[in-house]
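> Going down the list, the sequences are from chains A and B.
Under the numbering used here, the first residue of the first sequence is numbered 1, with each subsequent residue one higher.
Under the numbering used here, the first residue of the second sequence is numbered 1, with each subsequent residue one higher.
The hints are simulated quantities; they were obtained by calculation from the structure and are not laboratory data.
Virtual Cβ for every residue (Gly too), placed ideally from N, Cα, C.
Incorrect hints may have been included.
Stated by the list, open to error - Restraint ranges, calculated between C-beta atoms of paired labels, are given here: (1) Gly112(B) to Arg12(A): 57 to 63 angstroms; (2) Pro211(A) to Tyr206(B): 53 to 59 angstroms; (3) Gly56(A) to Gly112(B): 30 to 36 angstroms; (4) Gly56(A) to Gln19(B): 21 to 27 angstroms; (5) Glu110(A) to Leu55(B): 50 to 56 angstroms; (6) Gly112(A) to Glu21(B): 32 to 38 angstroms.
Claimed, not checked - Which residues of chain A face chain B? A few of them, derived with a C-beta cut under 10 angstroms, are: (7) Val185; (8) Ala276; (9) Leu278.
As the list claims (entries may be wrong) - Among chain A residues calculated to face chain B with C-beta under 8 angstroms, some are: (10) Gly162; (11) Leu165; (12) Pro175; (13) Ser282; (14) Cys286.
Protein chains: 2
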Amino acid sequence: VAGGIPIIKVVREAFVGNQFESIHGILNGTSNYILTRMTETGMDFAPALDEAQKLGYAEADPALDINGWDAAHKAIILASLAYGFWLDPAQISVAGIEGVTAADIRFADELGYRIKLLATIKAGPERQIEVRVCPTLIPQTHVLASVNGVFNAIAVRGDVVGESLFYGRGAGQDPTASSVIADLVEAALALEVPRACYGFTSHDLYGRCLPVGEAVSKYYLRLAVEDRPGVLAQIAGALGESGIGILSVIQPEGLEGEAIPLVLMVHDAAYSAMQAALGKISALPCVKAPPVLFHVESFS
Amino acid sequence: VAGGIPIIKVVREAFVGNQFESIHGILNGTSNYILTRMTETGMDFAPALDEAQKLGYAEADPALDINGWDAAHKAIILASLAYGFWLDPAQISVAGIEGVTAADIRFADELGYRIKLLATIKAGPERQIEVRVCPTLIPQTHVLASVNGVFNAIAVRGDVVGESLFYGRGAGQDPTASSVIADLVEAALALEVPRACYGFTSHDLYGRCLPVGEAVSKYYLRLAVEDRPGVLAQIAGALGESGIGILSVIQPEGLEGEAIPLVLMVHDAAYSAMQAALGKISALPCVKAPPVLFHVESFS
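Construct the entire structure; sequences and hints are all you get.
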């Protein structure tokens, strides 16, 4: 997990005295390279992926990197080590970066955010763990927003140690070799002395995944709507019926024929409530394309 | 070392497959808090120290924090673990932040730098290790420049793992307790299984400190000079006689009576050559106060 960053040793040994409040990670170098280039140059997803492949940062079949599952596998390992039970991949929320457009990155910048493929692991109520891996808006002032290119970084918040962050090369033969050598040395020491096994008990004993629909978050919502009066009122109405408030709105000038973008930053809401509202919004005649929804992480 | 940051475990275990090319650390939270406040507000050293004491970030007797030796003790431990022999404190270069003025921070900012109390540990030629702890100009674009307040951070460059960085709370009872708990767990495991001792051999077998005079660095030099033509030529001449080039010059408008500040960024030079040049410069009649000299670290 995370190539040269010794995050497993940190979670399992160095922070053994902590309860983990949250772990936030940029865990896939390919996705981060693509999003970084999109942010730096304004280019769209397809040419950025093309560039990453030419430079050897993306595999010929980049599916697992792009669709979020490579990062999700690592997040599941980290969450399992941090909380002591194996998480079921079917119970976490995973989305990739294919749906991020140059326009989204521009709107996010205007709102004071960067878009990263972020793994979010949080302790919730009643031993429930929230895990998601998806394109996420991060405040530009947060150190994770400055992690660029193929680098990985993981921010860990422990109840005793407080905030900490680990940064390094997340892939490549040399950084990975550095970690493998450390593992071999540990295994060689264990040959002489069988150490306590870091086993896990069954899923139900120590905790469970928070159901995806119950996870609460702020959201970035981009719609394509008709350019006429009253549209914002209809959208706000549909959100309001689900008890969801709006934090801010960007409505740029018309660009693409009759449909124009409408970007909303949405207040804390359960994902299920948000999905219900999106169902109503999609059905409105003034909405011309499927809504684009990203999580916003404020690290509170 | 560094409170909640598990840097000793990283150096000793996680990066066991690496030769360390360099370790750069912000290792004293008190100094970093003071320099951060001076940078944020433009205040001078004395009121910033006063504020740190009122907030409990500095001891009633803050000498070890302020004069660089608290950070130096930690740097010696890190260097000894990284290179396998104990370094002699008398052979390293240590300076504190008392000599940093609000003007220095302003000039550094103008030149694109932040001033930090930085521990620099570098592998040199022929098994010589360069270690210094002193106020150091860091490029604003480097991640260490953004480590503010009482936080600590350590950037490690290994020949296999490449660049990595570790960030967290460097002091305080909770972060330190987190590290002590991890140490106790490790000690408890070792009770059952006496593990290989991490001992060191004698000083001379594996390496030695690079003599302070031989260490090469760029420098920030601030002089108080007479405000008349020909002064810069005399200073540049004295540096040139020692074979030292100038990278850039700031000569602000006169502020303090007859003496005005003259700030020079000086090219790579051995510390002994720089001291020789400073001797000549101090003796010039146009130079009105002892020169102020800080290292500049470009992380190359």
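> For which of the previously enumerated hints does the structure constitute a violation, in increasing order of number?
Numbers 1, 5, 8, 9, 13 and 14 - these are the hints that the structure violates, sorted from lowest upward.
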